[in-house]
Amino acid sequence: MRVLEPWVAEPLAEFLRESSARLTLVMTSAGQVIAQHGFTRSVDVMSAAALGAGILATTDELARTIDEPAGFGAVVHQGERQGVWLSAFDTPRGRWIGLVVFGQESSIGLVRLFFARLAAQIQAAAPPLAPVRDVLAEGFERELDNSLRSLFGSR
Amino acid sequence: MARIDAERRDLTLTVVVYGAPQVGKTTILHCIQDRVTPEKRGPLVPFGTDFGVAPMLDWLPLELGVIGGWRTSVNLYAIPDQRHADATRRLILADADGVMFAADTQAGRLAENVSAMRSLRDNLDDPDGRSRAVPIVYLYTKCDLPEELQLPREALNLELNPSAHPDFACSALKGEGVLEALHGVISIVMRQYASQRPGA
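The listed protein sequences correspond, in order, to chains A and B. Counting from 1, position 138 in the first sequence corresponds to residue 138 in this note's numbering; the numbering is continuous, with no gaps. So the number in this note's numbering is just where the residue sits in the second sequence, counting from 1, plus 1000.
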């Protein structure tokens, strides 16, 4: 398990223990990864995050198009050997998304039950957000120039 | 819009390569992938290749490093042409901080370029129809073709770029002009972003 926000670790560990999920990804609605368990290659994490965020964004757009203000809740795909659970939840840090891959050792019911608990625990554990200070400080032009030189260094 | 993680001081920008079908958007991303510092980029990821010959979306992540105390990265997307990808197009453009508009310099492709520009403006509008000002640079592609096949840059600007945004002649196959255009759009987006923030 890897977490970028330490306060997510405990609720996520409990979720993994209780639900027996094979893979789990917690991310922002824009696809920025907050925590992951079970992924082996970083590109898999990035692809799964982008695809998961895209699927939920598309589903939300569909709900808006057909005038369904409550949205559709979770998206579940059940395969022969594995299933995927995808659901958004509100946190003090904005809307987050959970992507869970589960196998025959678990079930949709278990994932649903413990995912609701995970979402509630994350909501409760989130520390208050620090106010946004000056976003880009002095030396901006120099640092921008250095960054672009570094990016295009092989030109 | 830029994604900000104030606690971790992460800033992620979205730049979109947009243009008419067959103008070379994916080739432009490949060109950038091949030419930027390898440690500063992720893999080029095509999404949704099962839906047809062309992928639904190409994505290339770039790392700019720390600017003004913020770890800054750019998600570069090539937007699909397919009509069935309208929702994808709108979703990505809704998040765009900057656009690289690729236009084919061949005279016979002018109508498609104009149509693509119109579609870009429509897709940049918010759901209430209000237009969103997004920094844009123009890439006039296939400038390696014989001159007699190409429209002059002035004629292209007259039709497509009346507001005189920066424009770059490029050949994605030869790698000419593409990095200059990317440099241009990132600089404009970052400067605009800095100017909108107190203490910038």
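Since the hints were made in silico from the structure, they are not lab data. A portion of the hints provided could be inaccurate.
[To be verified] Straight line, CA to CA, 20 Å or less: simulated EDC-like cross-link-like pairs of lysine to aspartate or glutamate: (1) B:K1040 - A:D67; (2) B:K1174 - B:D1034; (3) B:K1040 - A:E10; (4) B:K1174 - B:E1147; (5) B:K1174 - B:D1144; (6) B:K1174 - B:E1159.
[As the list claims (entries may be wrong)] Stretches of chain B that chain A covers, calculated by requiring three or more beta carbons in the stretch to come under 8 Å of a beta carbon on chain A: (7) 1034–1040; (8) 1058–1064; (9) 1136–1146; (10) 1183–1193.
[Claimed, not checked] Stretch by stretch, here's where chain B covers chain A in the computed footprint (C-beta under 8 Å, at least three residues): (11) 27–33; (12) 47–54; (13) 142–153.
Just so we're clear, the structure is a prediction, and the values are computed from it rather than from any experiment. Cβ atoms here follow ideal geometry from the backbone N, Cα and C, with glycine treated the same way.
Status of the hints after comparison with the structure:
no., hint, result
1, B:K1040 - A:D67, "violated (43 Å)"
2, B:K1174 - B:D1034, "holds (11 Å)"
3, B:K1040 - A:E10, "violated (33 Å)"
4, B:K1174 - B:E1147, "holds (16 Å)"
5, B:K1174 - B:D1144, "holds (8 Å)"
6, B:K1174 - B:E1159, "violated (26 Å)"
7, 1034–1040, "holds (count 5)"
8, 1058–1064, "holds (count 5)"
9, 1136–1146, "violated (count 0)"
10, 1183–1193, "holds (count 6)"
11, 27–33, "holds (count 3)"
12, 47–54, "holds (count 4)"
13, 142–153, "holds (count 9)"
Of the numbered hints stated above, those contradicted by the structure are hints 1, 3, 6 and 9, listed in ascending order.
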